[in-house]
Amino acid sequence: MAITKKETEHVAKLARLKFSDEELDEFSVQLDKIIQYVDKLNEIVTENIEPTAHIVPIHNVLREDEVKPSMDREKILMNAPYKENGCFKVPKVIE
Amino acid sequence: MMEYQAVIGLEVHAELLTDTKIFCNCTTKFGGEPNTHVCPVCLGLPGALPVLNKKVVEYAIKAGLALNCEIAEYSKMDRKNYFYPDLPKAYQISQYDLPLCSKGYIEIESDGKTKKIGITRIHIEEDAGKLIHENVEGTLVDYNRGGIPLIEIVSEPDMSTPEEAYNYLVKLKSILEYTEVSDCKMQEGSLRVDTNISVMPVGSTKFGTKVELKNLNSFKAVQKSLEYEINRQIKALKEGENIIQETRRWNEVKGITEPMRSKEEAHDYRYFPEPDLVPIIVSKEWKEKIKNELPEMPYHKKERFIKMYGIPEYDAEIITSSKRMASFFEECTKEYSSYKSISNWIMGEMSRLMNETGQEIEDVIIKPEQMVKLLKLIDEGTITGTIAKTVFEEMYKSGMDPDKIVEEKGLRQVNDEEELRKIAQKIIADNPKSVEDYKNGKEKAIGYLVGQMMKATKGKANPQMTTQLLKEELSK
Amino acid sequence: MELYKYKIHELNGLLRKKEISSQEIVKSYLNRIKDIEPSIDAFITILEDEALENAKKADEKIKNGQIKDLTGIPVVIKDNISTEGIRTTCASKMLENYIPPYNATVVERLLEDGAIILGKSNMDEFAMGSSTETSAFKTTKNPWDLTKVPGGSSGGSAACVAADETAFSLGSDTGGSIRQPASLCGIVGMKPTYGLVSRYGLIAFASSLDQIGPFTKDVTDCAIVLNSIAGHDTKDSTSVNSKPSDYTEFLKNDIKGMKIGIADEFFKEGLNEGVKNEVLNAINLFKQLGAEIIDISLPYVDYALSAYYIIASAEASSNLARYDGIRYGHIAEKYEDLIDMYMVTRSEGFGKEVKRRIMLGTYALSSGYYDAYYKKALKVRTLIKNDYDKAFEKCDLIVGPTSPTTAFSIGEKVDDPLAMYLADIYTVPVNIAGLPGISLPCGMVDGLPVGLQIVGKHFDEGKLLNAAYVFEKAKNFNAKPALGGVI
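So the protein lines, in turn, are chains A, B and C. Letter by letter, the first sequence follows residues 465 to 559 in the numbering used here. Letter by letter, the second sequence follows residues 1191 to 1666 in the numbering used here. Letter by letter, the third sequence follows residues 331 to 817 in the numbering used here.
Isolated chain A (complex conformation) (with noise of 0.2 Å):
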């Protein structure tokens, strides 16, 4: 067994993702199962293997602090299902 029904749990709310019991068991094993054949990399020896992050071999994309005008803020609010004030609305948030 890869994962286990309270891992998957686990896992699903670091990604709030909300699972009813039966799709959480259905979850549980898809999982396991392709996790198990992901594992398949732990044949491979790779101790003094750098990783790969990007593999375009590129350094140092900069770019010139130049000002350029925002978008228009009824472009950025247009797609907000809940907006007051010029701001983006939320349920309260207990900080």
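Hints listed in this document are in silico derivations from the structure and should not be mistaken for laboratory results. Note that the structure is predicted; figures quoted are calculated from it, not measured. Each residue gets a CB set at the ideal place from its N, CA and C atoms; glycine is no exception. One or more of the hints may lead you astray.
Unchecked claim - Just so you have them, the derived chain B footprint on chain A, three or more residues with Cβ under 8 Å: (1) 501-512; (2) 516-525; (3) 528-540.
As the list claims (entries may be wrong) - Below, in silico cross-link-like pairs of lysine to any residue (SDA-like), each with a Cα-Cα straight-line distance of 20 Å or less: (4) C/Lys589 with C/Lys803; (5) A/Lys497 with C/Glu683; (6) A/Lys556 with B/Phe1518; (7) B/Lys1306 with B/His1490; (8) C/Lys705 with A/Ile499; (9) A/Lys547 with C/Asn427; (10) B/Lys1497 with B/Ser1527; (11) A/Lys470 with C/Glu603; (12) B/Lys1477 with A/Val525; (13) C/Lys573 with A/Ile522; (14) A/Lys539 with B/Arg1335; (15) A/Lys482 with C/Asp548; (16) C/Lys705 with A/Val525; (17) C/Lys682 with A/Glu473; (18) A/Lys547 with B/Ser1527; (19) C/Lys423 with A/Pro545; (20) C/Lys565 with A/Pro515; (21) A/Lys477 with C/Leu668; (22) B/Lys1479 with A/Pro533; (23) A/Lys497 with C/Gln396; (24) B/Lys1361 with B/Leu1255; (25) A/Lys482 with B/Asp1209; (26) A/Lys553 with B/Tyr1274; (27) B/Lys1566 with B/Glu1608; (28) B/Lys1400 with B/Ile1433; (29) A/Lys556 with B/Phe1273; (30) C/Lys743 with C/Gly681; (31) C/Lys810 with C/Asp548; (32) C/Lys715 with A/Lys477; (33) B/Lys1479 with A/Ile499; (34) C/Lys565 with B/Asp1209; (35) B/Lys1219 with A/Pro533; (36) B/Lys1563 with B/Lys1612; (37) A/Lys532 with C/Asn806; (38) B/Lys1563 with B/Asp1627.
Since the structure of chain A is provided, determine the placement of chains B and C on it from the hints.
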């Protein structure tokens, strides 16, 4: 009885003074209507991509060099993943294991000695938006601040007292101001401080449980909160309790730390290298170029001031702690060579008024030329030293030239011997007891009479003449 | 011949000669769409009025002598590429009503070159899938057999080109999502070198693997589209400044002396016999055309799929975290508090496959597992890249099957995620190594097309197009899809 010592580390976030945000060309200007300094990139719209601001990297390197850090030859950006409404991409682009700067230090005064406080690392990252809680049935979000560039400066846990923490912050602010990468104004939010504090028995090598303190709005608050927290922890340990690793909030009003209301689960940030940005390589040449562009640092300026202007170390330390103040001083020296007088006025009256009004040197409207004019007026005898303080206070409030103030308010020093003699005679006539005391050998009684003359002339009587004339009249 | 059957360069020729107008072209395609779209279901959004308006403007330009290679030519854009003012859904309930306020860079470039957007095409939800069955809205049918899948995730883009519903389309390829549908639909599809085409505006799935590329009816058209969309973009930090001036210059008739590498790893079990034969025939054809066939080995390629699913899912779990309904997209109506709002919104908005990958990705990055999974996968990536580097010392191009099978049936693999993942086994290593790859038809098995995959060195699209062009000419694949009887 077990004695305890404190172990303190500070995490400082400073906003960088670039014109544009870290990953897009939106302005960083403060203020502005909500969500008017926003674009697809800093809003995190699907499909938008970040492009790193060169100046952010340069400023971070500048700060690192000024803080004696090693600059990483190879550095990269990482994603820090968590969910919160002020974080539009649900990840912050920051640096995790390969920060731009590391292994630096600041020297502070502690107990009359110099102590080195290590700086573990400095890295660049983006700021989040702002949550507005005024609205009762929900929270509003403004992303103008989202994407503003920050440097995070993490100290080694080298501080042992709240006072050292305070001194560290004062020194850090001073150095950062000198580099001009940040204006470090805690009240405006361009400087934020969190602290980590634990206690352990004196002589122990095993650190105690760390507590993080947040909601610190001034350097003094940092000091006070640490004082409170250290006592709280020691008291708890002495009563056999365990210290819980947690984040506590400083309650300025009550003067206590309290656990944060929401029970936060420990964050698993799932850091991984940011795939949308490529690594940063800082060549020797680039580093040297930035190093050469560093302005004179506070320590060197202090030494130079002592040498060039002959002011005492104490004065030099305070004046050079702020770049603006040092530059104000130095401007004055161009037209006026009684350097100690200049420093006396800066450290005396100017500092007093700054404290009273809660202002910083940046807010002071008096110009160096005006300061010099005032000093010359005193030297010329146009006004007395006492009156000068009144004039200075007016200069501070209105920014008016000292000679204009003197004229408008009729504050010229009275140097007319005849006029003064007449007043002296009246004072003597009006205060027989003091006169008798003086004649009976109480030298000090003349002080009262001088005071009365000052009162009568509204402080304008020439002090030396006043004393002399009184003595003359009294001997008659 | 009806205008909708023509290729880009043919239409362009007729426009230049003023024998036809752009409006006629667009009308022809719109009628075609009316006829067969109910059977194909390739589109999520069709822009009838806008397309005709823009065709009118294009005709004005052409009248004034302003005509480029794509002026007045209709294009369909995969629905994960941002189009300003036009709904862009990623085939997900999460973005069902999302309207981007900006254009992706590739869209800007196509518009600048005069292309006319005909509509947005169906896809697997958030580009996660190999059959276009995970779309929240509809399942696209393969024009060759309406009971079969068109491939994925760019199934809609492939189907509409194969069915002549458009002159060309754009797709995106993260693990094979252009090449595999091209193979299953019998058309040309290309994934450029990572960094050649700007990703700005492409709604991200896996940032270090995603690339946008063209679906076309032939190789010449492919070169023309590449000319328009390729090239450095200051808005994309991973875009590279490496583009020759004109890819059509590489469409030469000769490949004599070209070294073609064949790797055993792509001919193992799992490969359908019929597909294998067509591909071996294709390799023989290359030999006859003067190329030299070389044996190469890519030993770590067997691990590419595992590494891919870890890397892609990890990046996806982070890229999709922004969908919380606050600024755009679906938002839940009933929830208890803020955290619950996030959970309900995301659980309602995402389909099963997307959730699976988000879970897998979150797991692979989580505390305690990062080294064993994500970091490990990045190391395996290095090994795979090294394999290709070594192979390319001996050859110019690598040739093999694009997909282990022809189009499979709708519903056949949808309940077995792992079986579905194996559909990408030949295409995924190419994304891992960031190399350019093209798929073009090389034969038929039981009435369904077979795709040949050609892979080149970084930024060597020229050689790739050259080889594909010569093969295409020699093979002369001219079968057309049955469209369920509607021709």
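Evaluation of the provided hints:
1. For the segment 501-512 of chain A, the proposed coverage by chain B is not satisfied: 0 residues have a C-beta within less than 8 Å of a C-beta in that chain, short of the threshold of three.
2. Given as covered by chain B, the segment 516-525 of chain A passes the check, having 7 residues with a CB less than 8 Å from a CB of that chain where 3 are the minimum.
3. Proximity of the segment 528-540 of chain A to chain B, defined as three or more residues with a beta carbon under 8 Å from a beta carbon of that chain, is established by the 9 residues found.
4. Taken as a hint, the C/Lys589 and C/Lys803 pair is honoured in the structure, with Cα atoms around 19 Å apart against an allowance of 20 Å.
5. With a CA separation close to 14 Å, the supplied pair A/Lys497 and C/Glu683 stays within the 20 Å bound.
6. A hinted pair counts as satisfied when its Cα atoms are at most 20 Å apart, and A/Lys556 with B/Phe1518 does not qualify at roughly 48 Å.
7. Pair hint B/Lys1306 plus B/His1490 holds up; C-alpha atoms about 17 Å apart against a cutoff of 20 Å.
8. For the suggested pair C/Lys705 and A/Ile499, the alpha carbons sit about 15 Å apart, so the restraint of at most 20 Å is met.
9. For the suggested pair A/Lys547 and C/Asn427, the alpha carbons sit about 17 Å apart, so the restraint of at most 20 Å is met.
10. Of the supplied pair hints, the one linking B/Lys1497 and B/Ser1527 holds, its CA atoms being roughly 14 Å apart against a limit of 20 Å.
11. At most 20 Å may separate the alpha-carbon atoms for a hinted pair to count; A/Lys470 and C/Glu603 exceed this at roughly 44 Å.
12. As the CA atoms of B/Lys1477 and A/Val525 are separated by approximately 17 Å, the hinted pair is consistent with the 20 Å bound.
13. Among the hinted pairs, C/Lys573 with A/Ile522 is consistent with the structure: their alpha-carbon atoms are about 15 Å apart, no more than 20 Å.
14. Proposed proximity of A/Lys539 and B/Arg1335 is supported: the alpha carbons are some 18 Å apart, at most 20 Å.
15. With a C-alpha separation of about 46 Å, the suggested pairing of A/Lys482 with C/Asp548 is violated against the 20 Å cut-off.
16. The straight-line distance between the Cα atoms of C/Lys705 and A/Val525 is roughly 24 Å, outside the 20 Å bound, and the hint therefore fails.
17. Of the supplied pair hints, the one linking C/Lys682 and A/Glu473 holds, its CA atoms being roughly 16 Å apart against a limit of 20 Å.
18. Of the pairs offered as hints, the one joining A/Lys547 and B/Ser1527 is violated, with about 62 Å between alpha carbons and a cut-off of 20 Å exceeded.
19. Between C/Lys423 and A/Pro545 the CA atoms are separated by roughly 15 Å; this keeps the pair inside 20 Å, and the hint holds.
20. At most 20 Å may separate the alpha-carbon atoms for a hinted pair to count; C/Lys565 and A/Pro515 exceed this at roughly 26 Å.
21. Using a Cα cut-off of 20 Å, the hinted pair A/Lys477 and C/Leu668 holds, with the two alpha carbons roughly 13 Å apart.
22. Between B/Lys1479 and A/Pro533 the CA atoms are separated by roughly 31 Å; this puts the pair beyond 20 Å, and the hint is violated.
23. Distance restraint check for A/Lys497 and C/Gln396: the Cα-Cα separation of roughly 58 Å exceeds the 20 Å cut-off, and the hinted pair is therefore not satisfied.
24. Of the pairs offered as hints, the one joining B/Lys1361 and B/Leu1255 holds, with about 15 Å between alpha carbons and a cut-off of 20 Å not exceeded.
25. Distance check on the hinted pair: A/Lys482 and B/Asp1209 sit about 42 Å apart at the alpha-carbon level, beyond 20 Å; violated.
26. The suggested pairing of A/Lys553 with B/Tyr1274 holds, with an alpha-carbon distance near 13 Å, which does not exceed 20 Å.
27. Taken as a hint, the B/Lys1566 and B/Glu1608 pair is broken in the structure, with Cα atoms around 25 Å apart against an allowance of 20 Å.
28. Only pairs whose Cα atoms come within 20 Å are accepted, and B/Lys1400 paired with B/Ile1433 is accepted, the gap being roughly 8 Å.
29. For the given pair, A/Lys556 sits about 15 Å from B/Phe1273 by alpha-carbon distance, which is consistent with the 20 Å threshold.
30. Note on C/Lys743 and C/Gly681: the hinted pairing holds, with a Cα-Cα distance of about 16 Å set against a maximum of 20 Å.
31. The straight-line distance between the Cα atoms of C/Lys810 and C/Asp548 is roughly 13 Å, inside the 20 Å bound, and the hint therefore holds.
32. A threshold of 20 Å between alpha carbons decides the hint, and for C/Lys715 with A/Lys477 the separation of about 35 Å lies outside it, so the pair is violated.
33. For a cut-off of 20 Å, the pair hint linking B/Lys1479 to A/Ile499 is broken: about 50 Å separates their Cα positions.
34. This hinted pair checks out: C/Lys565 and B/Asp1209 have alpha carbons roughly 18 Å apart, not beyond 20 Å.
35. Proposed proximity of B/Lys1219 and A/Pro533 is supported: the alpha carbons are some 12 Å apart, at most 20 Å.
36. Taking the CA atoms of B/Lys1563 and B/Lys1612, the gap is near 31 Å; set against the 20 Å cutoff, the hint is violated.
37. Proximity of A/Lys532 to C/Asn806 is assessed by CA-CA distance (about 52 Å); at most 20 Å being required, the pair is judged violated.
38. Pair hint B/Lys1563 plus B/Asp1627 does not hold up; C-alpha atoms about 41 Å apart against a cutoff of 20 Å.
Hints 1, 6, 11, 15, 16, 18, 20, 22, 23, 25, 27, 32, 33, 36, 37, 38 from the list above are not met by this structure, while the remaining hints are.
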